[in-house]
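Visitor: Sequence order for the protein chains is V and D. Going by our numbering, the first sequence opens with residue 1, and the numbers climb by one from there. Going by our numbering, the second sequence opens with residue 1, and the numbers climb by one from there.
For the record, the hints were derived by calculation from the structure and aren't laboratory data. Note that the structure is predicted; figures quoted are calculated from it, not measured. The reader is advised that the hints may include incorrect statements.
A pair counts as met if it fits within one copy or between any two copies, since identical chains are not told apart.
[Claimed, not checked] Straight-line C-alpha distance at most 20 Å; calculated SDA-like pairs for lysine to any residue:
no.	residue 1	residue 2
1	K723	D804
2	K380	E12
3	K397	F197
4	K723	D795
5	K187	P41
6	K834	Y491
7	K263	M384
8	K824	D68
Listed here are the chains, written in short residue letters.
2 protein chains.
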Amino acid sequence: MSHTRWAFSFDEASYDSPEERKAHLGGKGSGLAQMTALGLPVPPGFTITTDACIWFFSNGEVWPEGLDAQVDAAMARLEEVAGKKFGDADAPLLVSVRSGAPVSMPGMMDTVLNLGLNDDTVQALARQSGNARFAWDAYRRFVQMFGDVVLGIHYTRFARVEEEFAAGREVSDLDAGELQELTGKLKQLVKQHGHDFPQDPKEQLRLSIDAVFRSYNSHRARYYRKTNGIPDDTGTAVNIQAMVFGNMGEGSGTGVAFTRNPKSGHRGLFGEWLPNAQGEDVVAGVRTPLPLDESAEKEGLQLKEAMPEAYEQLQQMREQLEQHYRDMQDIEFTIENGTLYLLQTRTGKRTGQAAVRIVVDMVEEGLISRTEGLGRIEPKALEMMLRPIIHPDARRKVVAKGLDASPGAACGRVVFTASDCQEYFDRDEPTVLVRIETSPEDIQGMTLAQGILTSRGGQTSHAAVVARGMGKPCVVGCADITVDMSRQLFYAGDYVIRKGDWITIDGGTGEVMEGRVEMLEPDTDGGAMATLLEWADDQARLQVRANADTGSDAAKARALGAQGIGLCRTEHMFFQPDALRAMRKMILAEDPRTRQLALGEILPIQREMFIELFESMDGLPVTIRLLDPPLHEFLPDRHEDLSAVARDLQVSADRLRQRLADLEEANPMLGHRGVRVGITTPEVYRTQARAIFEAACRVTADGHVVRPEVMIPLVGIPDELKKMREMIEEEAGRVMSEYGVEVNYLVGTMLELPRACLLAEQIGKHADFFSFGTNDLTQMTYGLSRDDMGKFFADYQRAGLMPDSPLAVFDVDGVGQLVEMGVKGGRKGNPRIKMGVCGEHGGDPVGVGFFHKIGLDYVSCSPYRVPVARLAAAHAALGLL
Amino acid sequence: MSHTRWAFSFDEASYDSPEERKAHLGGKGSGLAQMTALGLPVPPGFTITTDACIWFFSNGEVWPEGLDAQVDAAMARLEEVAGKKFGDADAPLLVSVRSGAPVSMPGMMDTVLNLGLNDDTVQALARQSGNARFAWDAYRRFVQMFGDVVLGIHYTRFARVEEEFAAGREVSDLDAGELQELTGKLKQLVKQHGHDFPQDPKEQLRLSIDAVFRSYNSHRARYYRKTNGIPDDTGTAVNIQAMVFGNMGEGSGTGVAFTRNPKSGHRGLFGEWLPNAQGEDVVAGVRTPLPLDESAEKEGLQLKEAMPEAYEQLQQMREQLEQHYRDMQDIEFTIENGTLYLLQTRTGKRTGQAAVRIVVDMVEEGLISRTEGLGRIEPKALEMMLRPIIHPDARRKVVAKGLDASPGAACGRVVFTASDCQEYFDRDEPTVLVRIETSPEDIQGMTLAQGILTSRGGQTSHAAVVARGMGKPCVVGCADITVDMSRQLFYAGDYVIRKGDWITIDGGTGEVMEGRVEMLEPDTDGGAMATLLEWADDQARLQVRANADTGSDAAKARALGAQGIGLCRTEHMFFQPDALRAMRKMILAEDPRTRQLALGEILPIQREMFIELFESMDGLPVTIRLLDPPLHEFLPDRHEDLSAVARDLQVSADRLRQRLADLEEANPMLGHRGVRVGITTPEVYRTQARAIFEAACRVTADGHVVRPEVMIPLVGIPDELKKMREMIEEEAGRVMSEYGVEVNYLVGTMLELPRACLLAEQIGKHADFFSFGTNDLTQMTYGLSRDDMGKFFADYQRAGLMPDSPLAVFDVDGVGQLVEMGVKGGRKGNPRIKMGVCGEHGGDPVGVGFFHKIGLDYVSCSPYRVPVARLAAAHAALGLL
């Protein structure tokens, strides 16, 4: 005889830790054992461990030695506690057999209820309950469920027999005699499939346990585990529990309840119930459930009024459960003739909003510590909470699906050009900008639109990056739609959607919906998030800055808790219409004088923009990246009318075409951009430096504190930085002496080339700071262009080669090594160097965890990701990432 | 009084090493001291050290203490040895004052001859020589030279006075009296410029030494040093030497000689002489020099006949100098009244051809060791030796200059399309293919053309890489020309060159010449190079393989000593016309069956090509890279007629346009290519694997030994390689069992992404070999596209930021770190892994030196670079790189 214990009564099992308990007893078994231990009213029963299930599958689907005897012993104990006997003709014990794996797989595995009924015990149940209809209805249900789950006869076959029998009436309208007759017919159906319906309750039990075991390995359960990343070797436990009946009549009922409101997080029971019903009736949704009390703001008989005692009991149990579990619970209860039973408890699912509110309340109630509370919130969840979402109950017609580039929902009229955005905006009509892909010239339109939809591009395409920066809902790479720019419409399956039509997009799911779909505005809920983030800042070591290009972005970022600007992309300043015109003149200039004149026009525009930025960020550091994109990005693209542009710039169309051809690049990402423009056309960087320091001097003179950090992009050769630094220092010195104002500033570089990381020590000698540009660094390291990876990423994801885009989730294994080398080298070159990250990974918790570990000083991300980064920084400090 | 010695008589100086001697005495002074020590007939004299010159410039251009006295002492010694006295009215000593820096700067610095002449000594010289005309001619020359070099009066002013005086006659026709009168006029000219012509020889000497010092710091000398990378702080020595005169009459003469033929390297004196002349006459080229002996194969009086004794002496000195210097010498000699003097010796410049012949001969003569001989040849020099060159004496009209992409000269009729190459080829007319840039579809044309010229692209543009691979002369990035494809002509300055016109290009200099320029065919010279390379192979540890795509390339590579194929780029097989058509069908296929059918057409074409390759490389390893470029490279480009292509492929033009648009990429280098095609379209790699193994089985069955190494490009994720390896092994197994033949093969990957190097350990677990693809690795690491870097490279080179393109000369500091990580990681993952390099750096000596150091097994390069790599590998093993 084996000494292994394969089965434990609910009051028997003892494990060293909740995790171990859950691993062996499964989620449900663990909850039942816990509640039993807490003295809560749980119908007696026992759990067959996951170990038995694992043994079952490793040994050709037979039971391990000892399980048989242990089930018998546990049943004997159950009979004793319940005061009923299995198969007894007077007081028969009925049980439920339920699966319960360590990780919940809702709906994936099987359950058998009312087990123990047979042609004899049904009579006893009728007598005992004084309700023959109830007894025969239970037997009918059992035959069906057992036939389906254990014997593998498809439930539609049972349904057909019932339909035929009821002949137009509902089964619920049948009386006891009719139900008895129907049960006979169902048993006949079983017989036709080659089985006598087993009358021996022990055989029923044994077969049901087998069936539950087997359901763990069903095709759909395996598929569920695979797609949800659940390991395939945990097995399932089996819970055998005495039946209680919520459908015994007047004084009975059943329901589900959360210990706090799962949508808002507010304290107090929240749930619903059905009088005279079994659990499956609630699930089936045939009857409309009733509220527990007035807090549900819902019509109908409240449990509080119908059964005040049971309600009061439930309230007490709520307290008890939360005290024990220290988290919001989701419970199932049944009231049998006035007696309350708890059938399940588990940690309740909740919205992001509710999660934050619950954590903050529980900390204030003293239930959990601040660090525990911080640990309970997924940093990523915070991003969603600042955006409107589709109302959960809204009707929607999804016409296409793309990539979820920037969360939140948006609804507006379809437009295809930036100028139409403006036109609708002037009429106060919301728009969704639809394009094949966006370019820097669309930015003005993007700021006016409610949301952006593109048919091409990946998670870090221009549209995606800019939209995230703006905190604007965005769906990209939506291959389901075909945009016809010339006819100002797009096709989505059978739909043709024209300019002016309403659509709704959900940037959190990638869905594109026809028409106006109802939305929920974000509810910042009395500052629970602010409180949480203050606690987070107390824990975090990493500072969090924001990427912002304008004064208003910067102000927004500051409001969300940014401790500085980590990346101001000055190219956006060149797309301002006047500046763009001057920039084009500069690029087309054939002599230095004309070039200098054009730059002279750009200077005051940039200076004004820097003034705004510095004023917004008074006292905080502002990192300004000098021009990064290649010059051709400023020339007209193939959609623009070249002759018109040429006329406007007073050059010949030929000259314009010539320059366009000259500047064309095979791989612009690896081309003539960043510091390479600074080296070949130093006037551009010099003008930018002048604009920065003129602005800094003026704002300083107005009594503000300005902390500019001038950043040189794309450095790969130490002397590139040395040269540029000398020029910037020269210009800074000149401006400061012109203004008679002293400004403390830093000069540093963006580490975004693998070579820069490899030569960080030599580069560090010329740098006051490093900012790792992990977007480009990832693209170079992986040899992966964000604009092109869409062509193979789906296949890679399917094949498990890239679970996440390395542009969204930081590649610790690969790019991480380079960043680490960069950090070590930089410190060697300049022990006082300041180091941070700008780029999407500054708001990616995986990245933040890594950047904390290797000792960076700050991360910088889009304003709307600042809360995410702040919480992630706390998680990192608490060792949770 | 200072103890520093600033001046040494030729027989006085002693230094620890030849290097130190040269550093202090300069090249010329060092040679004179050496020859004096060897007992060779050197006119006596002394050298003022470079240290004096350095001191001069560091101290406001005054002489160091002690120099004055040391010059006096040395002059006294010189007078004693020469038996003449400076300024003596009877036997006046005349001297030359010559510069001589440690590194030769030909023509950059000044010389004064005949110093010591004045109104008195000229008379003595006339008496002494018995030749008044000679004496006055010498004085005339001295006044001119001193006036120009020391007093700064431009020599054209003297020339004008002479012209006026000669009044239509030549100066050489004037008699003694006339020359005396002319000299007086020249002194008047000096006077007009504010100087009395100094009569005191000591003053003449002092001023001349100053002038030589100053000439070291002249603008043109500084410019020369800068452009030739010579340090600016070595200073120049000054050599003061007793004059000897080759223009004393019948028994006198002067000449230059090499101790071996500098063009062919053959043993024996090679040079020319002029009877009754001074050295400057040889340099001036007024008179045509005569041959030394019959070996020059040249008309005219031979020195051997005219002065047999002097000639015999010269022969002996030749032996003596070579025994001492153990290298070929370039000497200057003067015969004064039958007495031979040597005035200079230095290591002689030579052609690559001659260098190899000399080394091999000297080793065989026992003059130098094999390793010393190997060390004397620059590996890079060998590449040139396999190509035709422009005849050194050919007349040429250079119309444009581009980048020297692939050495050698080519001459042919201009064509602009691959099909015209074919047409002229069929008529047996040589062509030069001229394009804006080339694409893979031009390859067929390139194989038929003599040379390639493009107006765009850098050293590693498509044209450059392919041309080097083919060993074909190529000039790229020739911005001086404007190609008009539609009119089939190009402009070069004032020239319009049309289809059919002759041009000549020099891929070693980048020059484009109008018309047919005379060329020299390479002379492999009785196998001197083969001998040298055999010695090299004995020393080398690195094996050398070649990059070759076809059987004939492979055979060529084998003939040049390749020990295998390190890279066969299979994409070239897809550009074969039938294969290209099938490939396009495959790409346009809308269902798997059509795709499979198209691949079925490609299979036999590739199989045949692999058969050829395997046969050529019988017994040696052949590394085959599966398809690397993105699929869009196989679709028609903007120059092709889409409708015609569509018709031919039996698809609609819309479908074709659609696919073109689908496949378009923003950064193709970082796009959907390499293993990414293998993952998304596995049929392509599977078909290639089948073609490889079918070919291998057939060739094995024919009794050859086949060693295929299948290489997967662009791997950055370990599981990419794992998946592809599984598929290849499956297909290989299937084919081998179909054929019943066993083939030993390897599966490995190209390490060309930074991430691959960082994750080499994990990737190595699935790899039998690594081949570092340093072209792409450099581009990714530097964030530099070879096709685009032309836009800023010139500025970077000028600014000293990139002395060489990292694509031509391996970036040890940056990319080297990644390669080293790759090696270490690879060995950890698989201790028996084989590692090599393919890519341009396999033939770059800097790269080879590094790859040797980090312990790679082999390098692979273009066939024509195999000799370079073999010698470089020997240099590396000898510690010379």
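Visitor: Please sort K723 with D795 into within, between, both or neither, judging by C-alpha distance up to 20 Å.
Guide: between (45 Å within a copy, 13 Å between copies)
Visitor: How do K397 and F197 come out at 20 Å by Cα distance, when the copy is not named: within, between, both, or neither?
Guide: Answer is neither: 46 Å inside a copy and 106 Å across each miss the 20 Å cutoff.
Visitor: Up to 20 Å between alpha-carbons, please classify K824 paired with D68: within, between, both or neither.
Guide: Neither: 63 Å inside a chain and 57 Å across chains, both beyond 20 Å.
Visitor: Can you tell me if K380 and E12 fall within 20 Å by alpha carbon in one copy, between copies, both or neither?
Guide: neither (40 Å within a copy, 84 Å between copies)
Visitor: Between copies, within a copy, both or neither: which fits K263 and M384 at Cα up to 20 Å?
Guide: within (14 Å within a copy, 78 Å between copies)
Visitor: Treating 20 Å as the Cα threshold, decide for K834 and Y491: within, between, both or neither.
Guide: neither (50 Å within a copy, 54 Å between copies)
Visitor: Between K723 and D804, at a C-alpha cutoff of 20 Å, which is it: within one copy, between copies, both, or neither?
Guide: between (39 Å within a copy, 19 Å between copies)
Visitor: Give the relationship of K187 and P41 under a CA distance limit of 20 Å: within one copy only, between copies only, both, or neither.
Guide: neither (35 Å within a copy, 130 Å between copies)
In this structure, the hints that do not hold are numbers 2, 3, 5, 6, 8, in rising order.
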